[in-house]
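Let the hints inform the model, and build the full structure from the sequences given.
Each residue of the sequence shown is one higher than the one before, counting from 108 in this note's numbering.
It is worth saying that the hints were derived from the structure and are not from the lab.
Worth double-checking, as some hints may not be accurate.
[Said to hold, decoys possible] Restricting the straight-line Cα-Cα distance to at most 25 Å, the calculated cross-link-like pairs of lysine to any residue (SDA-like) are:
id, residue 1, residue 2
1, 140, 130
2, 152, 171
3, 152, 340
4, 152, 163
5, 152, 135
6, 140, 111
7, 140, 129
8, 152, 172
9, 343, 148
10, 224, 253
11, 224, 281
12, 140, 345
13, 140, 340
14, 140, 239
15, 152, 195
16, 152, 332
17, 343, 333
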Amino acid sequence: MSTIETILITGASSGLGLAFLTHYLSFLTPTPKIIALDSHPLPEKITAPYPPTLSFHRLDITSADAVQTLASTYTHTPIGLILHCAGIRGLVPLIVSREKDGNRNVASTEILEVMDKETMMRTYEVNTWGTFNLIRSFLPSLLSSSSSSRENTTPTRPKVVILSSRMSSISANSAGGAYAYRASKAALNAVVRSFVIDAPRVQFLLLHPGRVETGLVAWKEEGAVSVEESVGDCLKVLERMGEEEWESGRLVDRFGEEIGW
Numbered sequence: 108m109s110t111i112e113t114i115l116i117t118g119a120s121s122g123l124g125l126a127f128l129t130h131y132l133s134f135l136t137p138t139p140k141i142i143a144l145d146s147h148p149l150p151e152k153i154t155a156p157y158p159p160t161l162s163f164h165r166l167d168i169t170s171a172d173a174v175q176t177l178a179s180t181y182t183h184t185p186i187g188l189i190l191h192c193a194g195i196r197g198l199v200p201l202i203v204s205r206e207k208d209g210n211r212n213v214a215s216t217e218i219l220e221v222m223d224k225e226t227m228m229r230t231y232e233v234n235t236w237g238t239f240n241l242i243r244s245f246l247p248s249l250l251s252s253s254s255s256s257r258e259n260t261t262p263t264r265p266k267v268v269i270l271s272s273r274m275s276s277i278s279a280n281s282a283g284g285a286y287a288y289r290a291s292k293a294a295l296n297a298v299v300r301s302f303v304i305d306a307p308r309v310q311f312l313l314l315h316p317g318r319v320e321t322g323l324v325a326w327k328e329e330g331a332v333s334v335e336e337s338v339g340d341c342l343k344v345l346e347r348m349g350e351e352e353w354e355s356g357r358l359v360d361r362f363g364e365e366i367g368w
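As structure tokens, this is what we get:
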């Protein structure tokens with residue numbers, strides 16, 4: 108991927124967002140400017156003190172006013188890459204609290220018999236509306252990046268990488284359950300598809316990072332890989348995305364393999 112001067116990362120305080128943030132702060136030279144967003148504070152290893160290239164903003168991506176106000180302060184800052192990692196799993200809280208003391212079965216917290224309106228709507232609000240709210244608000248900064256390519260260089264489209272999930276795939280759903288998460292991520296995919304059409308100067312990618320130990324659930328799921336392993340694979344996909352000029356809006360796994368919708 109070509110050099111990017113400014114990167115925006117959501118969900119930057121934990122899990123995959125924090126791993127991406129750590130990578131871009133530690134392993135790129137020169138270090139890009141990074142705008143990090145999360146509803147929770149950054150961990151001490153990042154905050155003591157902030158690197159000069161990092162700007163952290165604590166906010167809720169579902170707040171239209173908060174996100175738009177922040178985005179307006181970056182209107183003239185060309186953003187070349189957004190890594191949208193913020194999201195929730197959509198587990199019914201009461202059942203989660205019971206499972207912590209019992210079998211620790213994730214599936215039992217999101218099945219037909221226990222799913223409720225509050226969980227479904229909150230998951231949609233964060234995963235679907237939050238994604239739309241964020242991208243629409245920062246679109247001027249993305250388009251600014253698209254129009255600010257240096258002379259004598261091949262223009263590159265700004266990129267938005269959204270962490271989706273294999274569970275968003277309707278055709279791949281052979282297990283049932285996970286009502287809130289599946290529905291919110293399928294809706295997220297539809298939102299991104301419309302962005303592909305309405306913002307053709309931006310390249311979008313829906314990325315399934317695998318089953319990862321991110322903290323979305325209170326215990327480790329069977330077969331989950333580490334955050335570091337997942338991000339290592341995802342970074343290779345980002346490189347390919349830039350080098351091969353993939354079709355905008357593809358849904359792929361952490362190895363770059365296509366996932367059917």
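Exercise for review: Would you mind confirming whether the straight-line C-alpha gap from residue 343 to residue 333 stays at or under 25 Å?
Suggested key: holds (16 Å)
Check your understanding: Quick one, are residue 152 and residue 135 close enough, alpha carbons at most 25 Å?
Key -> Within the cut-off at roughly 18 Å; holds.
Review point. Quick one, are residue 140 and residue 239 close enough, alpha carbons at most 25 Å?
Key: holds (23 Å)
Check your understanding: Are residue 152 and residue 340 close enough, with their CA atoms no more than 25 Å apart?
Key -> holds (23 Å)
Check your understanding: Taken at face value, is the distance from the CA of residue 172 to the CA of residue 152 at most 25 Å?
Key -> Violated - the C-alpha atoms of residue 172 and residue 152 are around 30 Å apart, more than 25 Å.
Review point. CA of residue 152 to CA of residue 171, is that 25 Å or under?
Key: violated (30 Å)
Point to revise | 25 Å Cα cutoff - pair residue 224, residue 253 | key: violated (41 Å)
Exercise for review: For the pair supplied as a hint, residue 152 and residue 195, confirm whether the alpha-carbon distance does not exceed 25 Å.
Suggested key: holds (24 Å)
Review point. For the pair supplied as a hint, residue 140 and residue 130, is the alpha-carbon distance within the 25 Å limit?
Key: holds (13 Å)
Exercise for review: Take a quick look at whether residue 152 and residue 332 sit within 25 Å of each other, Cα to Cα.
Suggested key: Within the cut-off at roughly 22 Å; holds.
Practice item. Starting from residue 140, check that the Cα of residue 340 is at most 25 Å away, please. Key: holds (23 Å)
Exercise for review: Sort out whether residue 111 lies within 25 Å of residue 140, counting only the CA atoms.
Suggested key: This hinted pair holds, its Cα atoms lying about 9 Å apart.
Against the hints set out earlier in the document, violations occur for numbers 2, 8, 9 and 10.
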